[in-house]
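If you're matching them up, the sequences are chains A and B in order. The end of the first sequence is residue 355 by UniProt numbering, with every number in the run present. The end of the second sequence is residue 308 by UniProt numbering, with every number in the run present.
Worth flagging that the hints you see were computed from the coordinates, not collected in a lab. Incorrect hints may have been included.
What the hints assert, rightly or not - Label pairs and their calculated CB-CB ranges: (1) B:G118 with A:N69: 30 to 40 Å; (2) A:R133 with B:R115: 33 to 43 Å; (3) A:R133 with B:F97: 27 to 37 Å; (4) B:W217 with A:R108: 16 to 26 Å; (5) A:R108 with B:A133: 55 to 65 Å; (6) B:F300 with A:S183: 41 to 51 Å; (7) B:F300 with A:S136: 24 to 34 Å; (8) A:A28 with B:V114: 48 to 58 Å; (9) B:W217 with A:G15: 28 to 38 Å; (10) A:S136 with B:L50: 33 to 43 Å; (11) A:E110 with B:F230: 54 to 64 Å; (12) B:A101 with A:S136: 35 to 45 Å.
Cβ atoms here follow ideal geometry from the backbone N, Cα and C, with glycine treated the same way.
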Amino acid sequence: MATVDLRDVRKTYAGNVEAVKGVSIAIADKALCVLVGPSGCGKSTLLRMIAGLETITDGTVAIDGKVVNTTGPAERDIAMVFQNYALYPHMKVYDNMAYGLRNRGTPRDEIDRRVREAAEKLELGALLDRRPRELSGGQRQRVAMGRAIVRNPKVFLFDEPLSNLDAKLRGQMRVEIKNLQRSLGVTSVYVTHDQLEAMTLADTLVVMNAGRVEQAGNPLDIYEKPASTFVASFIGAPPMNLLSLSQNGDGPALPDGAKLAAAPKGAATLGFRPEDAEATVANGAAHEGLSLPATVEGVEPVGAESFLYCAAGGGRIVVRVAGRATANPGDRLEVKAKPEKLHWFDREGRRVSSI
Amino acid sequence: MGRRQEDIGSGGSSLSPRVIFPNKILPYLLVAPQLAITAVFFYWPASQALYQSMLREDPFGLNSKFVWFDNFARVLADPNYLNSVRVTAVFSLATAFVAMAVALLLAVMADKVVRGRGIYRTLMIWPYAVAPAIAGMLWLFLFNPSIGSLAYMLRWLGINWDPLLNGPQAMVLVVAAAAWKQISYNFLFFVAGLQAIPRTLIEAAAIDGAGETKRFWTIVFPLLAPTTFFLLVINTTYAFFDTFGIIHAVTGGGPGKATETLVYKVYNDGFVNLILGDSAAQSVILMVIVIALTAFQFRFVERKVHYG
Numbered sequence: 001m002a003t004v005d006l007r008d009v010r011k012t013y014a015g016n017v018e019a020v021k022g023v024s025i026a027i028a029d030k031a032l033c034v035l036v037g038p039s040g041c042g043k044s045t046l047l048r049m050i051a052g053l054e055t056i057t058d059g060t061v062a063i064d065g066k067v068v069n070t071t072g073p074a075e076r077d078i079a080m081v082f083q084n085y086a087l088y089p090h091m092k093v094y095d096n097m098a099y100g101l102r103n104r105g106t107p108r109d110e111i112d113r114r115v116r117e118a119a120e121k122l123e124l125g126a127l128l129d130r131r132p133r134e135l136s137g138g139q140r141q142r143v144a145m146g147r148a149i150v151r152n153p154k155v156f157l158f159d160e161p162l163s164n165l166d167a168k169l170r171g172q173m174r175v176e177i178k179n180l181q182r183s184l185g186v187t188s189v190y191v192t193h194d195q196l197e198a199m200t201l202a203d204t205l206v207v208m209n210a211g212r213v214e215q216a217g218n219p220l221d222i223y224e225k226p227a228s229t230f231v232a233s234f235i236g237a238p239p240m241n242l243l244s245l246s247q248n249g250d251g252p253a254l255p256d257g258a259k260l261a262a263a264p265k266g267a268a269t270l271g272f273r274p275e276d277a278e279a280t281v282a283n284g285a286a287h288e289g290l291s292l293p294a295t296v297e298g299v300e301p302v303g304a305e306s307f308l309y310c311a312a313g314g315g316r317i318v319v320r321v322a323g324r325a326t327a328n329p330g331d332r333l334e335v336k337a338k339p340e341k342l343h344w345f346d347r348e349g350r351r352v353s354s355i
Numbered sequence: 001m002g003r004r005q006e007d008i009g010s011g012g013s014s015l016s017p018r019v020i021f022p023n024k025i026l027p028y029l030l031v032a033p034q035l036a037i038t039a040v041f042f043y044w045p046a047s048q049a050l051y052q053s054m055l056r057e058d059p060f061g062l063n064s065k066f067v068w069f070d071n072f073a074r075v076l077a078d079p080n081y082l083n084s085v086r087v088t089a090v091f092s093l094a095t096a097f098v099a100m101a102v103a104l105l106l107a108v109m110a111d112k113v114v115r116g117r118g119i120y121r122t123l124m125i126w127p128y129a130v131a132p133a134i135a136g137m138l139w140l141f142l143f144n145p146s147i148g149s150l151a152y153m154l155r156w157l158g159i160n161w162d163p164l165l166n167g168p169q170a171m172v173l174v175v176a177a178a179a180w181k182q183i184s185y186n187f188l189f190f191v192a193g194l195q196a197i198p199r200t201l202i203e204a205a206a207i208d209g210a211g212e213t214k215r216f217w218t219i220v221f222p223l224l225a226p227t228t229f230f231l232l233v234i235n236t237t238y239a240f241f242d243t244f245g246i247i248h249a250v251t252g253g254g255p256g257k258a259t260e261t262l263v264y265k266v267y268n269d270g271f272v273n274l275i276l277g278d279s280a281a282q283s284v285i286l287m288v289i290v291i292a293l294t295a296f297q298f299r300f301v302e303r304k305v306h307y308g
C-alpha cells in the first residue's frame with residue numbers, strides 16, 4: 001500500500017540519447033496507472049527506472065514517500081511481471097513462486113502457505129509441480145502473476161504482460177488482472193502499447209510520446225478531450241479523424257476552400273471521432289457544425305458496426321455506422337458532426353478550446 | 001508431448017521432420033562418405049589395435065605370436081601402469097576442473113565488460129590457436145628452474161621451485177599448461193552460453209531479492225548446465241588424449257614417472273621401448289575407459305541437465 005511519485009525523471013543513455021525527458025507522475029495509493037505510447041516512447045525505460053533496473057539520470061523516484069533513486073531493486077519492495085514472463089526454466093512452478101520469499105529468508109511453512117494461497121487465487125494449484133516449458137502461454141502468464149503476488153509487495157510493475165498472448169486470452173487476462181489488482185489493492189504501474197488495454201485497465205492513464213508525457217488523467221477524460229493530435233490519433237480505435245486546415249484570409253478553412261464557421265482562432269487541425277460523425281446521402285440541408293462532402297473508398301463491416309473509409313476535406317476519414325452499411329465504394333455522401341463533437345488543434349498540435 | 005501430437009494431427013507430413021527420399025539408394029549414398037571416414041580412420045585402426053594387443057612381437061617386427069590376453073594381464077599387473085592410471089586421474093580431473101573453472105570465471109567477467117567487449121573476447125580466444133607443443137615449450141621456458149622468468153619470481157617468493165626434480169610441482173606445471181591451452185575453448189562456449197540466458201531472468205531474480213552471488217549459483221549456473229556438461233565431456237577427452245604434446249614438451253612424463261599419463265605411457269612403451277603388444281593393450285584399455293567415462297557422463301550427469 002503505497003504511492004509512487006516521479007518528479008522530473010530523466011534518462012540519458014550513453015551517446016547522449018535522451019529516452020525520458022523529464023516525466024512527473026503522481027500515482028495514488030491502490031491506483032492502477034497505465035503508461036501507454038508507441039514503441040520507443042520511453043514508457044518501458046520509465047518502468048525499469050521505477051523497478052531499479054535502470055539508473056536514473058536526473059529527477060527522483062519515490063515509493064511510499066521515500067526516494068529510492070539509489071536503492072537496489074530488491075530493497076524497493078516491488079514485483080514485476082515481464083513481457084516474456086521471465087520464469088526460471090529450471091525450477092518448478094512452486095519454486096518459481098517461492099524463490100523471492102526464500103531469498104528473503106521467509107520461514108518454510110510461511111512460504112508454503114503463501115505460495116498455495118496465491119496458486120489458489122490464480123487456479124494454479126494443479127500445476128505447482130510442472131516446469132514452465134510444460135505450461136501454455138496463459139498458464140505461464142499466471143505463474144508470472146503468482147510470483148508477483150506471493151511477495152505481497154508495495155507496488156506491482158507490469159511490462160506489457162499480455163502482448164505474448166493471443167487476442168482472446170488477452171481479453172480474459174485483462175479482466176483478471178484488473179480484478180486481482182483491485183482485490184489486492186496494490187498500487188500498480190502498467191506499461192502497454194495497446195490503447196484498448198490502456199483504456200480498460202487504467203485508473204490513471206498516461207499517454208507518452210518521445211520521452212515526454214503527452215497527457216495524463218482519467219482515461220475517458222483523455223478520450224473525450226485529447227490534449228494533442230498525438231493523443232487524439234493514439235487513443236481510440238479507429239483513431240480520431242484529423243484534417244489539416246489552411247489559413248484562408250479571415251479564418252481557418254478546409255483545403256477544398258469550405259469555410260468552417262465554428263473554427264476557433266489559430267486552429268490548424270480539425271478532429272472528430274468516427275463514432276461522432278454521421279454519414280447521410282447529400283441533401284443540401286443546412287447544418288450547424290461540420291458538413292463535408294465525402295466519397296466512399298472502402299467499407300469494413302465488423303458485424304455490430306461498419307466503418308466507412310472516405311476521402312473528404314482533402315484527407316482521409318473514417319465514419320462509424322451502426323449495423324450493416326448500405327453505402328458502397330464510389331458513393332458520394334455527406335459527413336456531418338455536431339459542433340460540440342469537434343476538436344481543434346493549433347499548429348503545434350496542441351488542443352485549442354472551442355469558442 | 002501434447003504439442004507434438006497436435007503438430008502431427010494438424011500439419012500432417014509437411015510439418016514432420018522426416019524426409020522422404022525418392023529412392024532407397026540415395027540416402028545411403030549421402031551418408032557413405034561419413035561412414036567411410038569413420039570406418040577408415042576409426043574402426044580400422046581400432047580393430048588393428050585390438051588385434052595387435054593380443055600379439056607379442058619382437059622389437060624389429062620380424063616375428064610375432066598370438067598370445068590372447070597375456071598382454072592385458074601383464075599390463076594390469078604392472079605397478080608402473082597402475083601409477084599411470086593414478087597420474088591420469090589426477091591430471092585429467094585437475095585439468096578439466098581448472099580449465100572450466102577459470103574459463104567460467106573469465107566468461108562471467110567478460111560478460112560484464114561493456115566497452116571493448118570484442119577485443120577482450122578475441123584476446124581470450126587466442127591461446128587456442130597455439131599448438132600444444134608450442135604451448136608446452138612456452139610454459140617450459142617460463143618455469144624452467146634455471147632460465148625461467150616466472151620460476152625466478154616463484155623462488156623470489158620463497159617457493160623452492162624445481163619441476164625437474166619435484167613430482168608434484170611437475171604435475172602442477174603440466175596441469176597449468178594443459179588447462180591454459182583449453183581455457184580459450186571453454187571460454188568461447190561459456191560466453192555463448194551466458195549470452196543465451198535472457199537478461200530478464202537475471203533482472204527478475206534481482207527483483208526477487210537474490211544478490212549477485214546467489215543469482216549466479218541459483219539461476220545462471222543451472223541454466224549453463226547444458227554448456228557445462230558438454231564441456232565436461234570435451235575437456236575429459238582433451239585431458240586424456242590431446243595433452244600428449246604438452247606433457248612431451250614440458251616433462252616428458254618425468255620426473256620419474258610423476259607425469260606419465262596413460263597416453264604418454266602408450267607412446268613410451270610402444271614407440272620408445274618398442275613393446276608393441278603392451279602398448280596396444282594399453283591403448284585398448286584406454287579406449288574402454290574413455291567409452292565408459294563418456295557413457296557414465298551421459299547416463300548420470302546429463303540427467304541433472306535441463307535443456308531450455
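Checked hints:
| no. | hint | in the structure |
| --- | --- | --- |
| 1 | B:G118 with A:N69: 30 to 40 Å | holds (33 Å) |
| 2 | A:R133 with B:R115: 33 to 43 Å | holds (36 Å) |
| 3 | A:R133 with B:F97: 27 to 37 Å | holds (31 Å) |
| 4 | B:W217 with A:R108: 16 to 26 Å | holds (20 Å) |
| 5 | A:R108 with B:A133: 55 to 65 Å | holds (57 Å) |
| 6 | B:F300 with A:S183: 41 to 51 Å | holds (48 Å) |
| 7 | B:F300 with A:S136: 24 to 34 Å | holds (32 Å) |
| 8 | A:A28 with B:V114: 48 to 58 Å | violated (38 Å) |
| 9 | B:W217 with A:G15: 28 to 38 Å | holds (35 Å) |
| 10 | A:S136 with B:L50: 33 to 43 Å | violated (53 Å) |
| 11 | A:E110 with B:F230: 54 to 64 Å | violated (40 Å) |
| 12 | B:A101 with A:S136: 35 to 45 Å | holds (39 Å) |
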